[in-house]
Amino acid sequence: MASIVQFENVGLRYGTGAETLSDVSFNLPAGSFTFLTGPSGAGKTSLLKLLYLALRPSRGLIRLFSEDIVTLPRARLPAFRRRIGVVFQDFRLVPYLSAYDNVALPLRVAGVSEGEIETPVREMLEWVGLASRANARPATLSGGEQQRVAIARAVIGRPDMLVADEPTGNVDPEMAGRLLYLFEALNKLGTTVVVATHDVHLLSRIAHSQLMRLDKGRVSDPTGALRNPPRAPQGEP
Amino acid sequence: MLRLHSWHHRNGRLLPEGQFAGPMPWVIAIMMFLSVLIAAGGLGIRDAARHLSDELAGRITIQMVEADPFERARQTQAVLRRLATLPGVVHVERVDPQQLEKQLAPWLGTSFDTTDVPIPDMVDVDVASRANALSEITQAVKSVAPSARIDAHGQWLTPLNKLMNLLKWLALALVVLMAAATAFTVVLAARATLDNHRDTIDVMHLLGGTDVQIARLFQRRIALDALFGGIVGLAAAAVVLLLLVERVRGLGSELVGNIALTSATWTALILFPLGGTVLAMVTARLTILRTLGRIL
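Residue numbers (this note's numbering), protein chains in the order written: chain A, 30 to 266; chain B, 143 to 438.
Simulated from the structure, these hints should not be mistaken for lab results.
Each residue gets a CB set at the ideal place from its N, CA and C atoms; glycine is no exception.
A few of these clues could be false.
Said to hold, decoys possible - Sample of chain B residues lacking proximity to chain A, with all beta carbon distances greater than 12 Å (derived): (1) V169; (2) R192; (3) A199; (4) G230; (5) A294; (6) P301; (7) A315; (8) H339; (9) D344; (10) G350; (11) G351; (12) V354; (13) T404; (14) A410; (15) L428; (16) L434.
To be verified - A short, non-exhaustive set of chain B residues, derived as facing chain A with CB atoms under 8 Å: (17) E243; (18) L246; (19) T342; (20) V345; (21) L348; (22) L349; (23) T352; (24) Q355; (25) L438.
Produce the complete structure using the sequences and hints provided.
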């Protein structure tokens, strides 16, 4: 299967400090589901930032959707970003917009007409259990509700790639399972999914998912980085 | 255009509501107030200079200074006849001697004898604005009255015109400086606004928003603030100008009284807030695009 993401000897340094990521190399096939794990400070969020084009690497090669991202002109970045859905660790909802408008934002940015926006946004809010909170501003939502709005915003445009940073950190296990089911459904539709998580229970819930472990800015086992995680035990969703 | 409007309408709330908050609209109002007053002064001076020029530049006074009263009267009649037939002369008229005596009364009294103090005859001539009218009239007058003195009123205007021109250009320079100061204010305000909303901008970028889309949000808001400030400034300046015009008219001076504001001047002044809004919008757009260009 063709790689949708290709990292070769990627290094990332903030300012003049030590490298946060060093010699990171991996490929993600299109349509794959990958969990990114590792201890705090391992560089997971930095790696995700490279994936969702918030940063450029200090060295190495990154190819995304078959394009060299390192040398990609800045003017072409928006078109690439519209193909990537992002769930930020800190949600990053626009504080002056309602839950509905936050979820609708990627579609509006992409120029989708208002008539084509309402139904999918309402359905998405329904799916994440926030239909009744559509008009609420982020400040009036709980942490878990904000996280669900952030997830709805990330997936509303059916992105080619979904990048999620600790997407279930603030929700109860039942909602976590529901959200993971949403990711899996998207994945089955062809979306490549990358989820950074500390939650080891999640790893077993998605069949055919891959595991990549980061430690001190390096992929800890380059040869086995994308190995299959253990299967879910019988009885568990 | 519809799509642009729709984008604004739907995403206006990406920025906090409560426009006209912060100092920028009020700074622009002050700048606009001063700019309108200065421009009104400059345009008023220009109009007054034109009015004076129209009124005086085409007028010539001929003094018949011949001492012999009979010869003087003969020359005056000859000049009147000669000028009446000259092309370019619109009107020629001897100034009423009684009116002259009245004007001289404060210095000579009312009972002086014109044989003891010969008073020159005066002839007023209105000419069409032709470049060689003065030389033709001079030639015609000298041919029948060699001693006559010809006084073109336009010559008096030269120093006044120079002063008025200087004031006009000074007013223009001050308006340009005000516009530059307004533009700098907008640059600072735009940068501050971008700093305040950096998180929203980052999110917009990461969702695939383009610099132009983001700039539209900010430039629209800044334009509205500028329009508000401009209208407030214009309204305040208009009140001051109306009071000033009223006072100037009350002076009754022919020179200063000409400094009135025409409807064309008022129209130009009313366009100032629109000009200020366009200036603010363009400045904001350029500043924002430049700043966003430094962000990945």
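Inset, instruction - Identify every previously stated hint that the structure contradicts and give their numbers, smallest first. - result: 8, 9, 10, 11, 12, 16, 17 and 18
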